[in-house]
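Can you build the whole structure from these sequences, using the hints too?
All residue numbers for the sequence shown refer to this note's numbering, where the first residue is -2 and numbers rise by one.
Please note: incorrect hints may appear among the correct ones.
[Said to hold, decoys possible] Straight line, CA to CA, 20 Å or less: simulated DMTMM-like cross-link-like pairs of lysine to aspartate or glutamate:
(1) Lys233 to Asp17
(2) Lys193 to Asp161
(3) Lys137 to Glu165
(4) Lys300 to Asp536
(5) Lys333 to Asp481
(6) Lys59 to Glu42
(7) Lys300 to Glu123
(8) Lys164 to Glu108
(9) Lys59 to Glu108
(10) Lys370 to Glu573
(11) Lys66 to Glu27
(12) Lys392 to Asp382
(13) Lys550 to Asp490
(14) Lys329 to Glu309
[To be verified] Computed Cβ-Cβ distance ranges for the label pairs, DEER-style:
(15) His10 to Phe631: 15 to 21 Å
(16) Ala635 to Asp382: 37 to 43 Å
(17) Val22 to Asn527: 51 to 57 Å
(18) Asn590 to Glu252: 24 to 30 Å
(19) Asn590 to Leu53: 43 to 49 Å
(20) Ser444 to Lys133: 50 to 56 Å
(21) Glu252 to Lys360: 35 to 41 Å
(22) Ser444 to Lys513: 22 to 28 Å
(23) Ser444 to Glu252: 19 to 25 Å
(24) Lys400 to Pro634: 38 to 44 Å
(25) Asn130 to Ser444: 35 to 41 Å
Just so you know, these hints were derived from the structure itself, not from any lab. All C-beta atoms in this analysis are idealised placements derived from N, C-alpha and C, irrespective of residue type, glycine included.
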Amino acid sequence: MKFPVLIPNIFDHPFTYTSDINLNVGDYVEVPFGKKIINGVVWNEFEQDQSKKFQLKKISKKLDVTPLKKTTIDFLNWFSKYNIVPKGMTLKLHLLSNQAIENEINNNFIEYETIYKKSIYKLSKEQLKCFSNLSKKNKKFCVNVLQGTTGSGKTLVYFNLINDKIKENKQVLILLPEIGLTGEFEKKFIDFFGFKPAIWHSGVTPKNKKKIWNGLSSGKIKAIIGARSSLFLPFKKLGVIIVDEEHDQSFKQDEGVSYNARDMAISRASFEDIPINLISAVPSIETYNNIIKGKYFSHRIIKRYKNARLPEYELIDLTKEKKIKNNLLSEKIISKVQSHLKQNDQVLFFVNRRGYSPFVICKKCFKNFTCPKCSINLVYHKKIDKILCHYCGYKNNLETICKIDNEKCQFIYSGLGVEKILEEVKKNFPGKKTAIFSSDTINKKNSQIQIQKIIENETKILVGTQLISKGFHFPNLNCIVILDIDLASRGFDIRSVEKTVQLYHQLSGRAGREGKPSKVYFQTINKKNNIISQIINPDPYIFLEKELELRKKFKLPPFERFVSIIISCIDSSLSEKIAFDLVTLLKKKTQGNVLGPVNAPIYKIRGKYRNRILIRSNKSINIQKQIQNTIKNFKLPAQIKLSVDVDPINFN
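Written out as structure tokens, the structure is:
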């Protein structure tokens, strides 16, 4: 018999094999491909072009793996078409290092065994109302949005929903936007449920990943907390999906296969016919638009848990404040922080830039340091005394000889980074235990020890980037100083303002979570900054409504579909030529408004020059299919890389 087998590679179709074994759609098999033996899945469709006659190869064997469900196959097929990704590459996202993990008799899943524990947490009236309404929509597919003030106890509400699913012997998936959040979140989960969830992200060891993949496929693992890639795991009986911090741009995968994990999670829930809950303090514009249109159900918690007060806000106008020579902090900020420290409050200084300084210049010869592989400035990290590229990882020493006098360069460190602010903090508040809270420090092995010191108020002053705004609960944090608000909302994309409001709204919500009076200070040179008024407004829907009106006026997403294409090559002239040729063809073959090509704002990354094409189209048009057909018929030189991003979030 003939069988279509999809294999994890760049092809957009399955290959035809023969077998004497009785096989069904969804069975995992081992097949010869070229000189290798690889894993594949018996697919639900044959390759369309069978005009070429080849001698068919035989399937080597059927693997001892629970068959892939039809609903999952349907989801992967849809994912491939929507994101303009070859089907084989979509299967690659599902398999583990191109392998399906066979059942092992000696696999022990005791650590993930479910225990039914009565919750010690009592829900408030608002929480109870939301839980009751969500429970009514906890059976079939529907999209629920749980919007709540930061610190309102949204997690408790959806934990109760999850509990109901686990009692029904269903599996649950909780998607988080950052790896750094999984450790603290795992503790919350164990505290509430009494058993350990599986954790899935790039930092999990291959051995544990194999065990988890197999445990989900066989139905022996019931709960998983994961990053984007966990969406493609082989759930046997998935009952609900939770997307926490649904607005977070980290759900967008930009490297390799581009997709938005939140949107794909909604699609997977639809194919599985299960509910999905989107959780946020400030939902994304797309989510809010779907609430307005009645496609999503909205549930809101206005008050903080245990009626804790929201922080108060104060603007420190630098144009009117007395300046301290060689100090980045105003006299007033120093005084305010000292007052908070006397009250045993924890303090956070926020600047959303890693390292010490984003710009290093020699004051004699004016040499500045840019990455040799990327067209961006190198960031100086003082702790390791190196200049780093945050795109390709290039690293070098600063030492250089000045062209003016053949002596060593004398450097000016321009711009703010967390390391520079830490220096200022130590200078102005000597004797206070301080720590940097960023992806450079918190994703390390000892990060749990650092977090525990913060929780216990042993660390008095934090200097943090956006990572600290995402779901951490520090009971003594009652003072936040925002130092970079004047740089906020700058960027290469239409979502700059939206991202900024979401970030600083989340950040403000870290303060005063235990009920003690708290304050957020904005150090600014522009007291009329409209962003600040939008951040301090307790109702984010007011901002979202105005932003939606602007998007509609200018026909921007979610009112039009955007598709971005990047052509990249080590030869800049070839990249440009191919981009122009493709634009000519796209204009003939698609109904979209084709813009470009232009040099990408970051023109060179990892040694490749990049040209950007943007296609705008009405959502009623299947623009993805038109683009895919055009690209299939376009001759692409081997040295050219073409990347497609449907619904792009940034335009770098």
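Status of the hints after comparison with the structure:
no.: 1; hint: Lys233 to Asp17; result: violated (27 Å)
no.: 2; hint: Lys193 to Asp161; result: holds (17 Å)
no.: 3; hint: Lys137 to Glu165; result: holds (14 Å)
no.: 4; hint: Lys300 to Asp536; result: holds (11 Å)
no.: 5; hint: Lys333 to Asp481; result: holds (18 Å)
no.: 6; hint: Lys59 to Glu42; result: holds (18 Å)
no.: 7; hint: Lys300 to Glu123; result: holds (8 Å)
no.: 8; hint: Lys164 to Glu108; result: holds (18 Å)
no.: 9; hint: Lys59 to Glu108; result: violated (30 Å)
no.: 10; hint: Lys370 to Glu573; result: holds (18 Å)
no.: 11; hint: Lys66 to Glu27; result: holds (18 Å)
no.: 12; hint: Lys392 to Asp382; result: holds (10 Å)
no.: 13; hint: Lys550 to Asp490; result: holds (17 Å)
no.: 14; hint: Lys329 to Glu309; result: holds (17 Å)
no.: 15; hint: His10 to Phe631: 15 to 21 Å; result: holds (18 Å)
no.: 16; hint: Ala635 to Asp382: 37 to 43 Å; result: holds (41 Å)
no.: 17; hint: Val22 to Asn527: 51 to 57 Å; result: holds (55 Å)
no.: 18; hint: Asn590 to Glu252: 24 to 30 Å; result: holds (27 Å)
no.: 19; hint: Asn590 to Leu53: 43 to 49 Å; result: holds (45 Å)
no.: 20; hint: Ser444 to Lys133: 50 to 56 Å; result: violated (40 Å)
no.: 21; hint: Glu252 to Lys360: 35 to 41 Å; result: holds (37 Å)
no.: 22; hint: Ser444 to Lys513: 22 to 28 Å; result: holds (26 Å)
no.: 23; hint: Ser444 to Glu252: 19 to 25 Å; result: holds (23 Å)
no.: 24; hint: Lys400 to Pro634: 38 to 44 Å; result: holds (39 Å)
no.: 25; hint: Asn130 to Ser444: 35 to 41 Å; result: holds (37 Å)
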